[in-house]
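> Residue numbers (my numbering), protein chains in the order written: chain A, 609 to 1005; chain B, 3 to 170.
A few of these clues could be false.
Simulated pairs of lysine-lysine, DSS-like, Cα-Cα distance not exceeding 30 Å [claimed, not checked]:
no.: 1; chain 1: A; residue 1: K707; chain 2: B; residue 2: K167
no.: 2; chain 1: A; residue 1: K667; chain 2: A; residue 2: K750
no.: 3; chain 1: A; residue 1: K707; chain 2: A; residue 2: K892
no.: 4; chain 1: A; residue 1: K618; chain 2: A; residue 2: K750
no.: 5; chain 1: A; residue 1: K750; chain 2: B; residue 2: K113
no.: 6; chain 1: A; residue 1: K750; chain 2: A; residue 2: K671
With the C-beta cut set under 7 Å, the calculated list includes, among others, these residues of chain A facing chain B [stated by the list, open to error]:
no.: 7; residue: L727
no.: 8; residue: G734
no.: 9; residue: I764
no.: 10; residue: G795
no.: 11; residue: F796
no.: 12; residue: P939
Since the hints were derived computationally from the structure, they do not count as laboratory data.
A virtual CB, placed ideally from N, CA and C, is assigned to each residue, including glycine.
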Amino acid sequence: MNFFILSLIKAGIVAFVLMTTLAYLQWIERKVIAHIQLRVGPRRVGPHGLLQPLADVIKLLTKEDMIPSHVHTLFYLLAPFLAVMFALISIAVIPFGGKVNILGVETYMQLTDLNFGVLFILAMSGVGVYGVALAGWSSNNKYSLLGGLRSSAQMISYELPMALAIACPLLMVNSLSLREIVDAQGGFFLGVIPRWAVFQGPWPQLLGFLVFLIAAFAETNRVPFDLPEAENELVAGFHTEYSSMKFASFFMAEYANMVTVSCMATLLFLGGWQPLFPAEYGSKFIPTLLFAFSGAIAIYHGLNPARKWDNITLPAAGVAFLGVALIFLIPIVAEILLPLFWFAAKVGVILFLFIWIRGTLPRFRYDQLMRFAWTILFPVAMVNLLITAFLVAVTTK
Amino acid sequence: MLDAVFFYTFALMTLTGAVLTITRKSAVHSAIWLIVSLLGVAGLYLLQQAEFLFAVQIVLYIGGIMVLFLFVIMLVNLDEAAKQRQFNNQRWIALGCAVIVGAEILYVLAKGTASLSLPAPAAAPAAGGNTEQIAVSLFRDYLLPFEAASLLLLAAIVGSVIMAKRRA
């Protein structure tokens, strides 16, 4: 098939899925945080608040878009664009699965495979700082400026341990292409233990994974490192002066960054779309079981409704889940969907971790944040890299 | 064709950015135009299939060094400085000098066109990506100069830290 048409179709699918994910990630976050705090979360708009993201989008789009008179207008308008553009662009090089054959068209489940994909993502996340820094400066407001400065200092500091942690799996795989990195993590030790980078010899990257995760939290300005928007000190930090869709762009950029770093963690350390255990032991039935189980729970609660309408919405959801479970039993479709399932499951677990930690940990103080990066995280990442490099050098050839 | 379009776009970006960097009055604007210029250079690297240089250019210069520049500029209130006149009144003398120097260069170039021979473009690199080739030349062919340079940089870092501490 024509390269351009194929790329257009793929870009359309990826963009649609990503945008939906970003919108619903926020719904999931609100729900999970609510349940951690013994609340029920949004449930007014649509069944169980499922249409809440849509309502939010409509609200943000129709709100008055005001530009304060004291801002540097050009950069004030440019900043949200930069933030959201560089957050979304990384998704282009992320592979979601191996080669697939849909109706005779062979293609990779990836927009484009760069042979320096990892570096590209690092570069884009590096440029992403400008969105926040410029927003802080152009708002011409002390709180915004402090938020923007904090954010850029924090992102530069945590980029170092992050890059050092990323270097370790690259050394073991000897490639910069994300797809080759995942391919090198296929297979199993002793028939059961997956050869993911966190388990793979010569030096299992558990420490590297931990450093990467911590740095990722700081890079995405998430709790406990959300100093740039610490509301008790800085009102709303760098986006204090932003309203309407411009404010939403920063929000979207934050969530897109979360998705990107989760994908990176999955691809580099958790084996991408490689299953948790071999297919001989039935790993291909995991999605079926999972969806059937959730469907059964939904139907059970639908039959014993706790609230009004539950007797309609929950069985409907349950039947839908059972349908998905059945789809995973069709061999031809399952072949395409299984890698996607494993990839999405791992990314989902990491995203849940993001939300879980937000509901659990308080915020750092700014000097603690900096000291932690330079005196603990950086040396640990350095030692980890040295050990990995030494062992890789000893064991090759 | 497409290559030419990209080349001229990036070249224009680089040159416009460079000129505006030195002519803008506000320091923040200057820094941002410098970033545009550096982005253009990164694009030119990519056009030459030097993807490692492209990534390093962006990660180091744009994502690291220029952020620090901006950081300092934003911390120091330069609005006062921007209001002052930064250009003095000798622009006619300067223009005259520029014209003379330009004429001189043109004359020398016209004289020496015969001996002016551009080297033939380098052959396309053999198999193996740009990253591997850079690694080979840095860590195999030129290991000693590379390490010497890194020692020098380390000395500079340690020196600057000591100087900063002494003043405090």
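> Does each hint hold? Answer for all of them.
Here is how each hint holds up against the structure:
no., hint, verdict
1, A:K707 x B:K167, "violated (57 Å)"
2, A:K667 x A:K750, "holds (28 Å)"
3, A:K707 x A:K892, "holds (18 Å)"
4, A:K618 x A:K750, "violated (44 Å)"
5, A:K750 x B:K113, "violated (60 Å)"
6, A:K750 x A:K671, "holds (25 Å)"
7, L727, "holds (4 Å)"
8, G734, "holds (2 Å)"
9, I764, "holds (6 Å)"
10, G795, "violated (25 Å)"
11, F796, "violated (30 Å)"
12, P939, "violated (38 Å)"
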